[in-house]
Amino acid sequence: MVILSSVLATGALTLTACGSRDDNGGGDSGDNGGGTTLTIGVDAPYTGENSTTGLGIRYGAQIAVDDANKNKLVPGVTFKIKALDDKAQPATGQSNATAITGDKTAVGAVGPLNSGVAQTMQQVFASANMVQISPANTNPQLTQGKNWQTAKERPYKTYFRTATTDELQGSFAAGYAFNDLKKKKVFVVDDKQTYGAGLAKIFSDQFKKLGGQVVQTDHVNTGTKDFGSLVTKIKNSGADLLYYGGQYDESSLLTKQMKDANVKIPLFGGDGMYASTYISAAGASAEGDLVTAIGVPADTLPAAKDFIATYKSKGYKGDYGAYGAYAYDATTAIIKAVKAAVDANDGKVPSDINALRSSVVDGVQKSDFEGLTGKVSFDQYGDTTNKQLTVYQVEKGKWKAVDTGTADLG
Amino acid sequence: MNTLPQQLANGLLLGSMYGLIAIGYTMVYGIVQLINFAHGEIFMTGAFGALTVYFYILPDGTTMALAIPLMLIGGALVAILIAVGAERFAYRPLRGAPRLAPLITAIGLSLALQEVVRNFYPGADRTRAFPGLDTTRDIGSVTIKDADIFLVVAAVVCMATLAFFVRKSRTGRAMQATAQDPDTAQLMGIDTNRIIVIAFAIGGFFAAVAAVAYGLKYGNVDYRMGFLMGLKAFTAAVLGGIGNIYGAMLGGLVLGVAETLASAYIDGIPGMQQLGGQGWSDVWAFVLLILVLLLRPQGLLGERVADRA
Chain A
1 MVILSSVLAT
11 GALTLTACGS
21 RDDNGGGDSG
31 DNGGGTTLTI
41 GVDAPYTGEN
51 STTGLGIRYG
61 AQIAVDDANK
71 NKLVPGVTFK
81 IKALDDKAQP
91 ATGQSNATAI
101 TGDKTAVGAV
111 GPLNSGVAQT
121 MQQVFASANM
131 VQISPANTNP
141 QLTQGKNWQT
151 AKERPYKTYF
161 RTATTDELQG
171 SFAAGYAFND
181 LKKKKVFVVD
191 DKQTYGAGLA
201 KIFSDQFKKL
211 GGQVVQTDHV
221 NTGTKDFGSL
231 VTKIKNSGAD
241 LLYYGGQYDE
251 SSLLTKQMKD
261 ANVKIPLFGG
271 DGMYASTYIS
281 AAGASAEGDL
291 VTAIGVPADT
301 LPAAKDFIAT
311 YKSKGYKGDY
321 GAYGAYAYDA
331 TTAIIKAVKA
341 AVDANDGKVP
351 SDINALRSSV
361 VDGVQKSDFE
371 GLTGKVSFDQ
381 YGDTTNKQLT
391 VYQVEKGKWK
401 AVDTGTADLG
Chain G
1001 MNTLPQQLAN
1011 GLLLGSMYGL
1021 IAIGYTMVYG
1031 IVQLINFAHG
1041 EIFMTGAFGA
1051 LTVYFYILPD
1061 GTTMALAIPL
1071 MLIGGALVAI
1081 LIAVGAERFA
1091 YRPLRGAPRL
1101 APLITAIGLS
1111 LALQEVVRNF
1121 YPGADRTRAF
1131 PGLDTTRDIG
1141 SVTIKDADIF
1151 LVVAAVVCMA
1161 TLAFFVRKSR
1171 TGRAMQATAQ
1181 DPDTAQLMGI
1191 DTNRIIVIAF
1201 AIGGFFAAVA
1211 AVAYGLKYGN
1221 VDYRMGFLMG
1231 LKAFTAAVLG
1241 GIGNIYGAML
1251 GGLVLGVAET
1261 LASAYIDGIP
1271 GMQQLGGQGW
1281 SDVWAFVLLI
1291 LVLLLRPQGL
1301 LGERVADRA
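Line order of the protein sequences matches chains A and G. Per this note's numbering, residue 1 is the first one in the first sequence, and the count goes up by one each step. Per this note's numbering, residue 1001 is the first one in the second sequence, and the count goes up by one each step.
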């Protein structure tokens, strides 16, 4: 017995030694696939509208890749990020998707931020059979098809997300507004975009179902700066809450102009507003405003402690709080799927990139691990099974979590 | 509650800002027949000039009464410098070239200015805070901010000074002469190059005033702010009759009021719910423009230009 175990131990040590020699010297020879560099695309807005939250995605993915490389998660493989700026514009997102799928070392992509951008990218990734995981898209159509309310049908099997859907987010917000804030009359505004209009509609439907009243609705154009006319309407409507479906770029100006005009009702919005820029742009007017955001607050997750420390120590710009940890988990899901593909191929990186991409798609579908944000796994539509949501409120110039839970769709 | 007075005030305020920017389009067009599409970006750089004075030059805690004139000076310096520089290096070499050439240069220049600010001004790739004048006052049933008062006063003072300058001063009369017929004006001993530079400089100054008013009113600025405002101001200039200074101001006011009223009331008309609201205000603004141009092609205050073209 003693002999047996010592033989095993010696063997194991020898094997480990071999492994480490390969790690050091095998890169150039490439005889066992060591030293392969694989690329993970990251697409989000890094400049202009929504860039604060977009940068959080980029650096969240960067940290995941750095960690995987440092821990040699996939032996012999070095991952690198190809970060492309979509400027929150669907057409740019589509051409970025083409650039990522055209890269013969790319195995998957993380992003985008905006649901409207995702719509134009899905087809490109599907044609290349490459996995795409968004840490931020919340529009239900993306995973459940156009008729998601009546007949769910998954349009693209390469598309996944670690964010939950607006069906839950909008309903959760409506429940919180009606039951906890005790608001009965709401004015609903949206920005006519895929994300904002969808979210506002889900909120309105659920709010009415609960017994509340939607006193008036209106729509704004993205890029608008003057909301004088709308503010007067809100003032006159007698609403006790303004619900806004859209991003912080417009809503931060709207809340400021509303409160400057002495309309002292809170503005409640979705995760598109959950950014420090919302508060810095609106100033003191933001006090008391609310948002829902996906998941639980990153700084209360024990697993995310190192992540936050790294993010801060690197001095990264952007807001990890909104989607950084979700981008980390999305990136890790891709890396783990690559590992599974390599393991299934006798420890070698499959030489055919198309075969690798295809097995990564399958691997992501089977994801099941503990990420920073909780358990990472996907249902038959590619939606996350983690359906936690949190309400945040601006208190003394900072977002503060006030309630965490999940939506009751009943 | 009757919201009409408040909505009219909202519209007039927005219109004053359009009008101030429109002056720059209209003066340049009146004299060199050039639509300076980079004017919206001159407005934007004026805002960043004022921002620089406030955040990087003045000591913290400077009172707004002192800060605003200095911000105006800073913004005006930057905007005038860029307007005059654009004239000297982007438009003058193309004078005499087909009209399309300077128009394309103008569009290129506007993109270049946006990118320069975005890349080189600290924090300008996102919305930057601007000191606001947020104290509100109630005048009857109308609530307005101090920033609104600043805007109205600035617009009135600027317009009155300009009207006086153009009518009474020697340079102003030379401007009128150049606008009517540059060749003859030159033969009469007017230095038309100098007049053109002055027109650009005045346009830049007005844009800077509008930019400071914009910053004080909305509390923040960003590198894209010139695009939409510039487009609207151009529309205002055309609406009022491009080339006419009073037309620019009138066009701005009409456009601002029309936009605001459309977004406030059209969705209240039975059968029009789908065509109203804030999101449709731009559509109605352009419908108005088309109607005016159909019925009165020279604009509200414009003169017939058939003999010039």
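Rather than coming from a laboratory, the hints here were simulated on the basis of the structure. The reader is advised that the hints may include incorrect statements.
[Said to hold, decoys possible] Derived lysine-lysine pairs resembling DSSO-like cross-links, with alpha carbons at most 30 angstroms apart: (1) A:K396 - G:K1145; (2) A:K398 - A:K235; (3) A:K146 - A:K305; (4) A:K80 - A:K70; (5) A:K387 - A:K152; (6) G:K1145 - A:K235; (7) A:K185 - G:K1145; (8) A:K235 - A:K82; (9) A:K152 - A:K201; (10) G:K1168 - A:K398; (11) A:K264 - G:K1145; (12) A:K396 - A:K157; (13) A:K264 - A:K72; (14) A:K387 - A:K192; (15) A:K312 - A:K396.
Hint by hint, which ones does the structure fall short of?
3, 8, 10, 12, 13
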